[in-house]
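Asker: Going down the list, the sequences are from chains A and B.
Residue numbers in the first sequence follow my numbering, run continuously in steps of one, and reach 281 at the last position.
Residue numbers in the second sequence follow my numbering, run continuously in steps of one, and reach 247 at the last position.
Hints are not guaranteed to be accurate.
Not everything, but these chain A residues come out facing chain B in the computed CB check (under 8 Å) [said to hold, decoys possible]:
hint: 1; residue: Gly-37
hint: 2; residue: Phe-127
hint: 3; residue: Glu-179
hint: 4; residue: Val-180
hint: 5; residue: Lys-182
hint: 6; residue: Tyr-184
hint: 7; residue: Gly-185
hint: 8; residue: Leu-205
hint: 9; residue: Val-206
hint: 10; residue: Glu-269
hint: 11; residue: Arg-271
The calculated DSSO-like cross-link candidates involving lysine-lysine, where the alpha carbons are at most 27 Å apart (straight line), are [as the list claims (entries may be wrong)]:
hint: 12; chain 1: A; residue 1: Lys-176; chain 2: B; residue 2: Lys-108
hint: 13; chain 1: B; residue 1: Lys-6; chain 2: A; residue 2: Lys-182
hint: 14; chain 1: A; residue 1: Lys-182; chain 2: B; residue 2: Lys-108
hint: 15; chain 1: B; residue 1: Lys-119; chain 2: B; residue 2: Lys-97
hint: 16; chain 1: B; residue 1: Lys-6; chain 2: B; residue 2: Lys-67
hint: 17; chain 1: B; residue 1: Lys-103; chain 2: B; residue 2: Lys-162
hint: 18; chain 1: B; residue 1: Lys-19; chain 2: B; residue 2: Lys-67
hint: 19; chain 1: B; residue 1: Lys-19; chain 2: B; residue 2: Lys-162
hint: 20; chain 1: B; residue 1: Lys-119; chain 2: B; residue 2: Lys-108
hint: 21; chain 1: A; residue 1: Lys-176; chain 2: B; residue 2: Lys-162
hint: 22; chain 1: A; residue 1: Lys-182; chain 2: A; residue 2: Lys-114
hint: 23; chain 1: B; residue 1: Lys-214; chain 2: A; residue 2: Lys-182
hint: 24; chain 1: A; residue 1: Lys-176; chain 2: B; residue 2: Lys-67
hint: 25; chain 1: B; residue 1: Lys-97; chain 2: A; residue 2: Lys-182
hint: 26; chain 1: A; residue 1: Lys-176; chain 2: B; residue 2: Lys-214
hint: 27; chain 1: A; residue 1: Lys-176; chain 2: B; residue 2: Lys-225
hint: 28; chain 1: A; residue 1: Lys-182; chain 2: B; residue 2: Lys-225
hint: 29; chain 1: A; residue 1: Lys-266; chain 2: A; residue 2: Lys-182
hint: 30; chain 1: B; residue 1: Lys-67; chain 2: A; residue 2: Lys-182
hint: 31; chain 1: B; residue 1: Lys-97; chain 2: B; residue 2: Lys-108
hint: 32; chain 1: B; residue 1: Lys-4; chain 2: B; residue 2: Lys-119
hint: 33; chain 1: A; residue 1: Lys-114; chain 2: A; residue 2: Lys-176
hint: 34; chain 1: B; residue 1: Lys-103; chain 2: B; residue 2: Lys-177
hint: 35; chain 1: B; residue 1: Lys-230; chain 2: B; residue 2: Lys-214
hint: 36; chain 1: B; residue 1: Lys-19; chain 2: A; residue 2: Lys-176
hint: 37; chain 1: B; residue 1: Lys-177; chain 2: B; residue 2: Lys-225
hint: 38; chain 1: A; residue 1: Lys-176; chain 2: B; residue 2: Lys-97
hint: 39; chain 1: B; residue 1: Lys-108; chain 2: B; residue 2: Lys-67
hint: 40; chain 1: B; residue 1: Lys-19; chain 2: B; residue 2: Lys-6
It should be emphasised that the hints constitute simulated quantities derived from the structure, not laboratory data.
Just so it is clear, the structure is predicted and the values come from calculations on it, not from any experiment.
For every residue, glycine included, the Cβ atom is placed at its ideal position computed from N, Cα and C.
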Amino acid sequence: MAKNQGELTSVLVGRNAMRKKKAKFKSYIFTHPVILGSLLPVVLLSLWEILSRMEVFPSYQLPAPTVILQTIIEMGQEGTLVTHIGITTYRVFAGFILGTVVAVVLGSLVGFYKNAEKLFDPMIQAFRSIPSLAWVPLFILWMGIGESSKITMIAVGVFFPVYLNIVSGILGVDRKLIEVGKMYGLNTIQLIIRIILPASLPSFLVGLRSGLGLGWMFVVAAELMGASQGLGYLLVLGQNTLSPETIIASIILFAIIGKISDWVLKKIEIRSLHWQDRLVK
Amino acid sequence: MSLKLKNVSRTFDGITAVKNFSISAEPGEIIGLLGTSGCGKSTLLRAISGLDNDYDGEISINGNTSKEVDDRTGFIFQEPRLLPWLPVLENVTFGLKGNKETKVQRAKEFLENVGLSGKEQLYPRQLSGGMAQRVAIARALVTSPEILLLDEPFSALDAFTKMQLQDLLLDVWHTYKSTVVLVTHDIDEALYLCDRIVVLRGQPGQIDTEFVIKEERPRQRGGQKLAEYKSEILDRLDLNNTHSYTS
Ligand SMILES: Nc1ncnc2c1ncn2[C@@H]1O[C@H](COP(=O)(O)OP(=O)(O)O)[C@@H](O)[C@H]1O
Ligand SMILES: [Mg+2]
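So that you can see chain B by itself, here it is in the shape it has in the complex:
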């Protein structure tokens, strides 16, 4: 599904968090929102999801500009947000429709993908932070959403799990060609996953630059091409000069 934001602004009690933000994403595109904390990335994602509808401007999903939640949208929050009274398996099947057997079947498949098979009957309190976040990721991916919104989904995970789950995300994307908006502050992650990286800066957050990453997938982590992009982005963010250490 296509996604279009036109002049989206959001003000909280007189303080503007996001100002005049416009992008458009083609169906199946992976867009990265990169920026320092507090520049309004989560705010934007909530506006797109429909959880927040007090924004100004226009957000259209497949041409539909209603501010309601569209249940073809999946959201992976910054925190796991598991329902503590449900075991892992039922947390994953929570948003699935259809008969029980196929739901369970599918949930188990995704739990295996996130490396949690055998943990189906555990309750959230019995999980480590990283495990809980992986359950949350499985819960969002299992519904194969057509638009997938991710708010720093991997930031709480260790480096290895992170890479594994980035690959899982790409697998799911290959199969379902979801349109993805990925909020992150990890440049390498954005470079590895995204077709386009939008750099946000300032408070209120505004678009600073857009990078189109033309590199074919699967990309090579730490490869030459990505390193060049990274250097360019760091330059844009004024983080690439040694003076910044002393000033």
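Chain A extracted, bound-state conformation:
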């Protein structure tokens, strides 16, 4: 008897759990971030497609999404798509690395040494007040419209956010933690490696992400100025050949690879900053 009862309750519990799971699954479908997040874009895209087909938007100004998609697919089949994406990504990547390396070197010097701060910081701050795009003509004049002027351009854009965040990260390290290191007899180099660097890592990563964002912005500017390849070149091409689908296709590709590169950095950030006590939504 007792055994039966036990079985009975266990069956009931099992059923209840199943029901709960189902209910949970249902509500999960509707609140799942991917589904919730793509709701609005899907609706808007459908509307856009319908209105374009009804020729509410003239096709020489705003072609239908399917037309744009077709443009992308055609470029893909021709093989030009890969070339354009490749060259643009290469420029951003090279500029990003160059800007970051210079920022790390100068930023660490300024962060660690008072005299370096006095030497470099006023000048860097002064240069910062120049809108970076204003350099474009000068760089082109100096280096021509080849790769080097473009990459320098992008590096300048990446440099500032990375530099500023490194400096503020290093200067912002909690003095109390440095004292802990001093109590254990760490010398300056050890203090830097074991305390100051890990403590300023969050700030550095913030700098990298905003630097990368600016890198994508600057590659557009650089490629608009004169390029024969790249997504920015597609923008100019679209404008000159009166084909808005090429322009919009390029914009969409920019959005996608920009997002992917940011996602990679974000993953790295989450990996290396898992110790942080952050507000979880």
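Dock chain B with the ligands against the given chain A, drawing on the hints supplied.
Answerer: Frame of chain A; chain B with the ligands shown alone:
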């Protein structure tokens, strides 16, 4: 190691925090600094540690008067000051030298002593305030420092943990005979642990009285002898008369 302070004063921007403080501690002695907040106890401890070297006067450790940090000195701060990017175990091994295995072995031993075994892989953000302070205590004790400076180390802990850790401190002291300077505002704690209690008063803080506690260890918490000392100290601090409630 012996510790000697001669006429130590410390002034911050024209405001004197500590004035003409002199004591000397024999090797293995436990000295308590007792006083109300703001009378310069932390300031003194930082001067002894070498973290602050803008004081006047002389501090000598084993006859050495250099103002540098001596890495045989351990410091337990008022706050845990754990490194947030390291898990508990690595926080404890932070100051240890030698090969990894023995470091980990020793750290685990001390974590067990402070009641935190099994928490080795947690990060500081996952600890309660009391747990974090216990990790900090383990981190300081694990290096078996020859001079141990403690700045109100147990004030954030509950009464039971506090007593446990006071006993742990005594255990470590028995083994290594460290010279200890303990800052506290808890009279019972000072009476339970110290060979000598220095009462600081005023601003700038100056030595008011010294009590030598001759009671053998282990002492009995709340025992007759300690109660007599306590009453005496309270008298010195003018806290033992009922008038103070009305005035
Ligand atoms: N870094 C500092 N700068 C200026 N004043 C300080 C500093 N540290 C301590 N003081 C002052 O010195 C006095 C003693 O402080 P402290 O030693 O922290 O007291 P306690 O630890 O006994 O509570 C206080 O009046 C405090 O304001
Ligand atoms: Mg204090």
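Asker: The structure should be examined with respect to each hint, and the outcome stated for every one.
Answerer: Results of checking the hints against the structure:
1. Gly-37: Violated, about 29 Å.
2. Phe-127: violated, 33 Å
3. Glu-179: Since chain B brings a Cβ to about 5 Å from Glu-179 of chain A, closer than 8 Å, the hint holds.
4. Val-180: holds, 5 Å
5. Lys-182: Interface hint status for Lys-182 of chain A: holds (5 Å vs cutoff 8 Å).
6. Tyr-184: Nearest chain B Cβ about 4 Å off; hint holds.
7. Gly-185: Because about 3 Å separates Gly-185 of chain A from the closest Cβ in chain B, which is inside the 8 Å limit, the hint holds.
8. Leu-205: Hint violated; Leu-205 of chain A Cβ to chain B Cβ min 13 Å, cut 8 Å.
9. Val-206: With Cβ-Cβ at 16 Å, over 8 Å, it is violated.
10. Glu-269: violated, 13 Å
11. Arg-271: violated, 12 Å
12. A:Lys-176 - B:Lys-108: Holds, at about 25 Å.
13. B:Lys-6 - A:Lys-182: Status holds; Cα separation ~24 Å.
14. A:Lys-182 - B:Lys-108: holds, 24 Å
15. B:Lys-119 - B:Lys-97: holds, 22 Å
16. B:Lys-6 - B:Lys-67: holds, 13 Å
17. B:Lys-103 - B:Lys-162: holds, 26 Å
18. B:Lys-19 - B:Lys-67: Given pair Lys-19 of chain B, Lys-67 of chain B holds - Cα atoms ~18 Å apart, limit 27 Å.
19. B:Lys-19 - B:Lys-162: violated, 31 Å
20. B:Lys-119 - B:Lys-108: Judged against 27 Å, a Cα distance of about 10 Å means the pair holds.
21. A:Lys-176 - B:Lys-162: holds, 24 Å
22. A:Lys-182 - A:Lys-114: holds, 19 Å
23. B:Lys-214 - A:Lys-182: Not OK: Lys-214 of chain B and Lys-182 of chain A at ~36 Å, beyond 27 Å, violated.
24. A:Lys-176 - B:Lys-67: holds, 19 Å
25. B:Lys-97 - A:Lys-182: Within the cut-off at roughly 15 Å; holds.
26. A:Lys-176 - B:Lys-214: violated, 37 Å
27. A:Lys-176 - B:Lys-225: Cα-Cα ~40 Å, so violated.
28. A:Lys-182 - B:Lys-225: violated, 41 Å
29. A:Lys-266 - A:Lys-182: violated, 33 Å
30. B:Lys-67 - A:Lys-182: holds, 13 Å
31. B:Lys-97 - B:Lys-108: Measuring from Cα to Cα gives roughly 15 Å; hence the hint holds.
32. B:Lys-4 - B:Lys-119: violated, 39 Å
33. A:Lys-114 - A:Lys-176: holds, 20 Å
34. B:Lys-103 - B:Lys-177: Between Lys-103 of chain B and Lys-177 of chain B the Cα gap is close to 21 Å, so the pair holds against 27 Å.
35. B:Lys-230 - B:Lys-214: Satisfied, since the Cα-Cα distance of roughly 13 Å is no more than 27 Å.
36. B:Lys-19 - A:Lys-176: Distance of about 25 Å is within 27 Å: holds.
37. B:Lys-177 - B:Lys-225: holds, 24 Å
38. A:Lys-176 - B:Lys-97: holds, 22 Å
39. B:Lys-108 - B:Lys-67: Outside the cut-off at roughly 33 Å; violated.
40. B:Lys-19 - B:Lys-6: Satisfied, since the Cα-Cα distance of roughly 11 Å is no more than 27 Å.
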